[in-house]
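On the provided structure of chain A, position chain B as indicated by the hints.
If you're matching them up, the sequences are chains A and B in order.
Numbering of the first sequence is given in my numbering, commencing with residue 1 and proceeding in unit increments.
Numbering of the second sequence is given in my numbering, commencing with residue 1 and proceeding in unit increments.
If you're looking for bench data, these hints aren't it; they were derived computationally from the structure.
Even glycine gets a Cβ: it sits at the ideal position worked out from N, Cα and C.
Keep in mind that the hints are not guaranteed to be accurate.
[To be verified] Subject to a maximum C-alpha distance of 27 Å in a straight line, what follows is the list of computed DSS-like cross-link-like pairs (lysine-lysine):
1) B:Lys117 with B:Lys68
2) B:Lys117 with A:Lys8
3) A:Lys43 with A:Lys33
4) B:Lys113 with A:Lys8
5) B:Lys117 with A:Lys42
6) B:Lys145 with B:Lys65
7) A:Lys43 with B:Lys145
8) B:Lys68 with A:Lys42
9) B:Lys73 with B:Lys117
10) B:Lys145 with A:Lys33
11) B:Lys73 with A:Lys42
12) B:Lys113 with A:Lys43
13) B:Lys113 with A:Lys33
14) A:Lys33 with B:Lys65
[Unchecked claim] Some chain A residues near chain B, calculated using beta-carbon distances under 7 Å:
15) Phe13
16) Val28
17) Ile91
18) Ile99
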Amino acid sequence: MENTTLSKRTVSFGLALAVACVINAIIVVVKEKSDAVMGAMKKVLGHHWTTHSALIVALFLVLGGLLGMARGGRGIAISTNRFITTLISAIGAAALIIIGFYLFVD
Amino acid sequence: MTEIILMAHVLFGVGCLIAAVWLFVDVLNVSESNLARIRRTSVGAAVFMWLAFLVGGYWYVTAYKVDKAVILKGPWPFAHNMVMETKEHLVILLLLVATYLPIAASENLVQSKDARKLVLWVAATIAVLALAMDGEGAIISMGVKVALMHH
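If we strip away everything but chain B, and leave its shape as in the complex, we get:
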């Protein structure tokens, strides 16, 4: 069950990343015809991020201690000491930025250059942070794998 939870966490996180990139491209080509889709996508990115956060948070609080013990006994202790410690706090930034995206996207993006500029920055920030989370998650998984192979 914990593996399903963990895979759902990754799935929702990737959903947020794809939504942010989709929105970025849509805003570059904004018009009255895609404005509603941009706003729906912004809400989608926020919902995906909240799901990823809640599912991942549940796993972290209830199940991670087993993986942590394995990682710390293996050859990659930094996968916890540096990478997981960083990830669990950077993800809070990502959650807030994704929550803010629908607020920024509620502006009139067709008429306001200021609003377009803001939303592009916010979407790009989400994409960068989400990619970082994805990479850190991979390193943590590898930390468990190399520890298990080592013993």
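Bound conformation, chain A alone:
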């Protein structure tokens, strides 16, 4: 496996994007299924969606910064194909979880 020629910042924030997308979908399911979680999210910023959005954006930014510090500041080692596959699969999976949840479960 040949490591990507992409910069550390591009890989770090790309992987952070993948994680944030999946967490976004998980929060959707958890808050819709738990009145306690939904209530707590409404309390934090006045509306569950505002809290949800702020949490995910913050996660993306913080995680992107943290992943850049991995391996002593050299960032995550990954091949380009694997990186792009991970990124697009995570976005697709998150979208399918959200659509599937409101279509079949909620």
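Structure of chain B alone, referenced to chain A:
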């Protein structure tokens, strides 16, 4: 005023979509001569998306409850139960992907095939998600319209 806010939301969203498609085509024909434009367009797509998100988010939090009540009493309750619920969470994905676009586009797209491949995927994802948001917005508007016509 809420109608102006809503139209601004759509306008900014379409701006993001056009920027993403423009960037996609520009990257297919990348050279030193259009590299700066590609990077400016990537920032433009992100700025348009943030404006669409903030304006639409303000409308959703402050004004949507009236439309929601109308939709739920009409013949298309799915316009809220399924479509709006999906849209309000899918748009967060779109916001993140659009925010990431300038980061990916800051790579040397002329020399790096890896970077070109990544940016093409990211721009295409933005275009698909933005089109989905546009379609969902149309269904939500229609949900209000058919409810008002029904009564």
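How the hints compare with the structure:
1. Of the supplied pair hints, the one linking B:Lys117 and B:Lys68 is violated, its CA atoms being roughly 41 Å apart against a limit of 27 Å.
2. For the given pair, B:Lys117 sits about 17 Å from A:Lys8 by alpha-carbon distance, which is consistent with the 27 Å threshold.
3. With a C-alpha separation of about 17 Å, the suggested pair A:Lys43 and A:Lys33 falls inside the 27 Å cut-off, and the hint holds.
4. Between B:Lys113 and A:Lys8 the alpha-carbon distance is near 16 Å, which keeps this suggested pair within the 27 Å criterion.
5. Pair hint B:Lys117 plus A:Lys42 does not hold up; C-alpha atoms about 40 Å apart against a cutoff of 27 Å.
6. With a C-alpha separation of about 15 Å, the suggested pair B:Lys145 and B:Lys65 falls inside the 27 Å cut-off, and the hint holds.
7. Between the alpha carbons of A:Lys43 and B:Lys145 the distance comes to roughly 33 Å, so the proposed pair goes past 27 Å and is violated.
8. Between B:Lys68 and A:Lys42, the direct Cα distance comes to roughly 18 Å. Compliance with the 27 Å bound is thereby established for this hinted pair.
9. Proposed proximity of B:Lys73 and B:Lys117 is contradicted: the alpha carbons are some 47 Å apart, above 27 Å.
10. Proximity of B:Lys145 to A:Lys33 is assessed by CA-CA distance (about 30 Å); at most 27 Å being required, the pair is judged violated.
11. Of the supplied pair hints, the one linking B:Lys73 and A:Lys42 holds, its CA atoms being roughly 25 Å apart against a limit of 27 Å.
12. For the hint pairing B:Lys113 with A:Lys43, the CA-to-CA distance comes to about 47 Å; that exceeds 27 Å, so the pair is violated.
13. The hinted pair formed by B:Lys113 and A:Lys33 fails the criterion: a straight-line CA distance of about 44 Å is larger than 27 Å.
14. Using a Cα cut-off of 27 Å, the hinted pair A:Lys33 and B:Lys65 holds, with the two alpha carbons roughly 21 Å apart.
15. Nearest Cβ of chain B to the Cβ of A:Phe13: about 5 Å, under the 7 Å cut. The hint holds.
16. The interface hint given for A:Val28 holds, since its Cβ lies 5 Å from the closest Cβ of chain B, which is under the 7 Å cut-off.
17. The interface hint given for A:Ile91 is met, as the beta carbon of that residue sits about 6 Å from the closest beta carbon of chain B, less than 7 Å.
18. Annotation: A:Ile99 was flagged as interfacial toward chain B, and the flag holds, the nearest CB pair being 6 Å apart, inside 7 Å.
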